[in-house]
Amino acid sequence: MALTGPPNADTGARAWLLSSTPQSVFQARCQRVYLSWRAFSRNPIAMIGLLIILTLLFIAALAPLLTSGDGTAQTLQDRLLPPSAEHWFGTDQLGRDIYDRIIWGSRITLYIVTLVAVIVVPIGLLIGTVAGYLGGWVDAILMRITDIFLAFPRLILALAFVSALGPGLENAVLAIALTTWSPFARIARAETLTIRNAEHILAARTQGHPRRGSCCITSRRSVLSSVIVRLTLDMAGIILTAAGLGFLGLGAQPHAA
Amino acid sequence: MADAQSPVPEGTAAKPFPPPVFTKIFRQVFTVTLTFIGLTAITFIIGRVMPADPVLAIVGDRASREVYEATYIQLGLDKPLLEQYWIYLSNVLSGEFGKSIMTTRDVLDDLIRFFPATLELATVATLAGIFLGVPMGVLAAVNQGRWIDHLVRVVGLFGYSVPIFWLGMVALLIFYGWLGWLPGPGRLDVYYDGIVSPDTGIILLDAAMQKEWDIFRNALHHLVLPASILATFALAYIARMTRSFMLDQLNQEYVLTARVKGLSPLGVIWRHAFRNVLVQLITIIGLTYASLLEGSVLTETIFAWPGIGQYITTSLFNADMNAVIGGTVVVGICFVGINLLSDALYRLADPRAR
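If you read the protein sequences in the order shown, they are chains A and B.
In terms of the working numbering, the first sequence has 39 at position 39, counting the first letter as 1, and numbering is strictly consecutive.
Quick note, the working numbering runs 1000 ahead of the 1-based positions in the second sequence.
Calculated directly from the structure, the hints in this document are not laboratory data.
Don't take each hint at face value.
As the list claims (entries may be wrong) - With a straight-line Cα cutoff of 20 Å, these simulated SDA-like cross-link-like pairs (lysine to any residue) come out:
id, chain 1, residue 1, chain 2, residue 2
1, B, LYS1024, A, ALA140
2, B, LYS1099, B, TRP1147
3, B, LYS1024, A, THR72
4, B, LYS1099, B, LEU1127
5, B, LYS1079, B, LEU1089
6, B, LYS1024, A, GLN23
7, B, LYS1211, B, HIS1221
8, B, LYS1099, B, THR1314
9, B, LYS1099, B, ALA1319
Being a predicted model, the structure only gives us computed values, none of them experimental.
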């Protein structure tokens, strides 16, 4: 999306993007992306957020260029130095450069957030849409399970999981994912319930799509927007939980940490 | 107003059977039972099924064959999984969490000793969050778009996004390390330790009841820093929600009517709009309280606060599974209990929800 910046008004690209009679499916899609980008870029808060995220992504991607080492080199005579020209953020108790470690650490944070999101959203969507569409006792059972996970304190559950599985980055991701999927199932179920009898689902069914497939596929798009909103809100929480686990010594292990 | 909104025609007042109150109570009890079973099932799975070898976790890898086998039988691992769960469930119901390896006491005794500290911390933090957060939220909503609104929103964002352990360490560095205004970690200074008998376990209460005012003051001093750190989260959340609830109410027509009638602005805000907000706030406050009981894990670690959070984490590093699971169950029960309570209060406070 970031690639479709507003083109120059003189070129034909803008006219092509704003034409009221798109000539191809591709053009129509481009137009939709362009229009939503225009609406998005008019919102200053959204732009600031985008800028912050892009900066973070750049920093993580360019870590080798921005740092002198990978942040694991220990120089014991340089322990606990204050910030200086050589060590911008100072050094830690093992003489490692904190600036380097923060830059490299952004990769781990992004890795955790992405991985949790990738695990959590499909699980939540699947459970929620199945529960919402099938209804009856399947719904009752799935939602009670969701409720139980919702009712559980997040960090404590993650702690218990990590303690059973053993500390480590992957286990932390797994533990956070296990405590994060439940709200998505709730949202997906609620959305599925509202569109279960909507006309486009009926239309898909009359066209001969299989019963379950039609609902799950067509509903996914409308569920997705609420899920994305919830996910962005949750990402901050995921990072904080991961940071909390890391602080307690249960997140990324040496030498990654 | 109720008549105008109610779509139910008159004359349909035939009493249903069973009465709706009983159905509601029954449903509530059913949900709670189910949640409790789920909670114990999850902790059971974490404690008994997931570790590669629960026996090894208890006896260690240097134990002899006999000890290993005796523990294996003692844990009931030779029985089918469902039966194991049933034994576990009945143990939990009778408060039997097993022995802690670390403290060599019953986990339940440990929990009774450690829990009041967490309760004290979380309660004071929640109260601070309510008394500061609610007025802040109301003020922000009334002055929407002005600097005070922006200030409250920034404070809200800050409290929400700053990791609690970072804030705690910085606060400790500034107020204890540099300025020396407040005492360091722990609940009391060492020379005050063990003077008041722990009747309730909540030092502030115990000291006040036994009229040990020096100790009361000392305990209060120790409480200020961790409670404020914990309260930033509560404050941020409560202020944010109060603001949005209040904005919702202030845009309603009854507020306009009250203003047109010539009521004083303060009367409109506090007596009309805020009373409606109060009902919604109960749920939010309940949620905050529950999450503080949990969020205290990190605060307790930083401030060496001998509460349940610290108990769980230290047990964790000593592979003390009984203690971890016991603590998890207790915190989970508190969580569910508080949610239930706020639900009940909500129904009580709001005539529309009854």
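These are the hints, each one checked on the structure:
{"no.": "1", "hint": "LYS1024/B - ALA140/A", "in the structure": "17 Å, holds"}
{"no.": "2", "hint": "LYS1099/B - TRP1147/B", "in the structure": "56 Å, violated"}
{"no.": "3", "hint": "LYS1024/B - THR72/A", "in the structure": "59 Å, violated"}
{"no.": "4", "hint": "LYS1099/B - LEU1127/B", "in the structure": "35 Å, violated"}
{"no.": "5", "hint": "LYS1079/B - LEU1089/B", "in the structure": "15 Å, holds"}
{"no.": "6", "hint": "LYS1024/B - GLN23/A", "in the structure": "59 Å, violated"}
{"no.": "7", "hint": "LYS1211/B - HIS1221/B", "in the structure": "17 Å, holds"}
{"no.": "8", "hint": "LYS1099/B - THR1314/B", "in the structure": "15 Å, holds"}
{"no.": "9", "hint": "LYS1099/B - ALA1319/B", "in the structure": "13 Å, holds"}
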